[in-house]
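There are 2 protein chains.
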Amino acid sequence: MSKRTVLNLKELKFHLTPDQVVTDSDLLTLYGQDWLKQWNGKAGAVVFPKSTEDVVHIVNWAKSHKISLIPSGGRTGLSGGATALKGELVVSFDKMNHLSDFNPVEQTVLVEPGVVTQTLQEFALERDCFFPVSFAAEGSSQIGGNIATNAGGVHVIRYGTMRQSVLGLEVVTGEGKVLNLGRGLIKNATGYNLMNLFIGSEGTLGFITKALIKLLSPPPKDPLVFLFSVENKSHIPKLYQHFKTQIAPMAFEMFTDKALNHVMESSDAVFPLENRSPFYILMEIEESDKEKAFDLFEKALNDNLLQDGTLSQNQTQARELWKFRENITESLSEHQPYKNDICVRTSVMVEFLDEVEECLKKQYPEFEVIWFGHIGDGNLHINILKPKNLEKDSFLKQCEKASAILFSLVKKYQGTISAEHGIGLLKKPYLNYTRSEEEIELMKKIKRVFDPDGILNPGKIFDL
Amino acid sequence: MSKRTVLNLKELKFHLTPDQVVTDSDLLTLYGQDWLKQWNGKAGAVVFPKSTEDVVHIVNWAKSHKISLIPSGGRTGLSGGATALKGELVVSFDKMNHLSDFNPVEQTVLVEPGVVTQTLQEFALERDCFFPVSFAAEGSSQIGGNIATNAGGVHVIRYGTMRQSVLGLEVVTGEGKVLNLGRGLIKNATGYNLMNLFIGSEGTLGFITKALIKLLSPPPKDPLVFLFSVENKSHIPKLYQHFKTQIAPMAFEMFTDKALNHVMESSDAVFPLENRSPFYILMEIEESDKEKAFDLFEKALNDNLLQDGTLSQNQTQARELWKFRENITESLSEHQPYKNDICVRTSVMVEFLDEVEECLKKQYPEFEVIWFGHIGDGNLHINILKPKNLEKDSFLKQCEKASAILFSLVKKYQGTISAEHGIGLLKKPYLNYTRSEEEIELMKKIKRVFDPDGILNPGKIFDL
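Chains as they are written, first to last, in this note's numbering: chain Z, 1 to 464; chain P, 465 to 928.
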């Protein structure tokens, strides 16, 4: 940060308590980066608002001094969306983490952006409700970040993404205006829906200071888990259709045998199916759907849509089965994988996968590519493992080229280059693989409407 | 329309077939108005595009000649949103009414904007799916209009509004650009969600030329209908909570005894409950929830939350019970009611209703006020009946004053002045009772982003 900014920091401190403005070097590094750690981010300073008024004050101060602000949640992002590469002022919502106003009639709760996802899940369960958004980083990701990236996870096919859980948002725009959007109204036909514009905008239009979250009830009781083996890739969408049209699975996850290999190598788990197969499906269902699901399973087995399967007999077994899917990411970490998180429509997924595999095999025969994902919503996680003998930089460069190939195919199949991680910095060069030039132009104009001085998370998603 | 416009019409006709541009006086009147018929609208001409290309052509032509365009669907609107009061060119989507690309894996269908709601419902049922948006005007309302106003109806508490059924939109902006938004992707974290901005924008940002609609399955089998009588208004939200936390009702509708009086007078139906009561609840549930619902009903009866009730024993009875709620609007029509369609959060509804009733009784003791609505989502329809001895104009003027009182209370309770009918022309003066001045200012700026020449449905929602 320039000297002038340091001077201005004093002015900022004047309106806040000493613990709210931090410049310790360790913390500047911590708050300058996200989980990806691809860039050497470092904040110029970190400020911790405790209220909406604090956020308004910070934004107004930043606006008058043309200071860039980076919003910061749990920093579990994987696209550089919350990184500070130019010594910007990081606005951390760690101290805005209250839950209040639980409404038992409407089953809503008002949360501040710094509330950790898991805290909200537990809060809901204590009130005989549940919060359905669930994913690997839920122990540290924050609700504000979840909303800013429209987080998804494993239960999207049944309960939707974060967007479907938000009934209201209080935001502070780049002009320091407080908007109170949505306000818990299920129906409201009074002009443009600004609330949905903020969901997924990665902190570039405004900072979320409160969210009214819809909880669901009753919590699913003792969900059951099926694990199927599938020989033929083209059967996967058929299987999904087969189950989905009769019951409502809560999760429908796919992983490959290659992915399973890594999980098996890194644990002493016993795989419950007799024979291995190229693909596996993990399906979570409600207890009440058990009989119907079992009939459908038998029919699929007879029709040769799947080869084998097992059903959890208790919650311990259900958790054990989930681990084969959940432990993939961790089991790959030693290979420093290059991750991509794309989405195509379920019905074209097989064709898309075939073409991607053929392309990558031809161009990068030495790369091991691991697929897994949320088949039910078309979201695939692609991990390219770093060969041991390849330097990290050289590997990253080759992966970026591989990404361009992958993204061209995503474009061809009208998919998206980011299903749930966001664009941030990582995918900025590829935004036009998913969004048209007209759309990008319109997005830039909308950015200017809400943040005319360009102080909110500048350089993320696109450059102005 | 000015002479110059007439000249330009020839130029427009040059690119279209003769049946696509109409200037018959009867049709100009028909297409200049909506169901409300509060204004003497008359189109300058009506144009019937048959394709997206036609719409682009019309918009570009209008843009270069500064002609205002009014989008027109089933014209079942009740807020003047699709009226032509200044001889504008009406763009009717009657000839863009194809359904295509049914996708059995994803259960989606591509519809043109002129598809009638009921046609889509039937299309879905023929494919073992269902389309959940259902309301009185479904026999003539069109999907384009449903999206443009984010239509709701009776099943919102279970399946959401139109917004939740849209997975993709093709729109033509005021600059004649074609945007292909959403594209069926359930997850897509690549910048701002423009699709949701168009849903509910009443044709002021762009014209919808295609929509990818999500269908659901399996269709609910033989839904059951409960009819309860409730003595105490304050028990209504409690009843909703009581049932909602254990089962998932498909509809939870309320009407007053006054409303029932009108239905009974205008039909020979036999009311199935022994005693009359000030309030009634109609609850629709799935067959699979029958036992649970019955237990909950008995518990509510014991706790004195409701006084009496009946459960349909077959589909004929279910339909008969629905009629007590569905026939209210028709039974009131001879009284030329002044309608309002507001929404408050369910948990403050009773308090709100008490205050509104007290106010109206004091100010307009001669008015009969009929309430009914979708309690589950807080959406109340308020009908003020015209006293026989009062002239229509004088009645309307008094109602407008009554609306101002009502809307002040809506504002006080942070509700909305329009739950599902939209702002159009009718509620334009009251927009700031629900949206803040900052929001209205931002909406105007967004309008200019998508429609810089202000040719798309100008003067609706707000004036620029």
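It is worth saying that the hints were derived from the structure and are not from the lab. Watch out, some of these pointers could steer you wrong.
Stated by the list, open to error - The list that follows gives simulated cross-link-like pairs (lysine-lysine, BS3-like), each with its CA atoms no further than 27 angstroms apart:
| no. | chain 1 | residue 1 | chain 2 | residue 2 |
| --- | --- | --- | --- | --- |
| 1 | Z | Lys290 | P | Lys754 |
| 2 | Z | Lys221 | P | Lys756 |
| 3 | P | Lys641 | Z | Lys412 |
Status of each hint after checking the structure:
no. : hint                : result
1   : Z:Lys290 - P:Lys754 : holds (19 angstroms)
2   : Z:Lys221 - P:Lys756 : holds (15 angstroms)
3   : P:Lys641 - Z:Lys412 : holds (21 angstroms)
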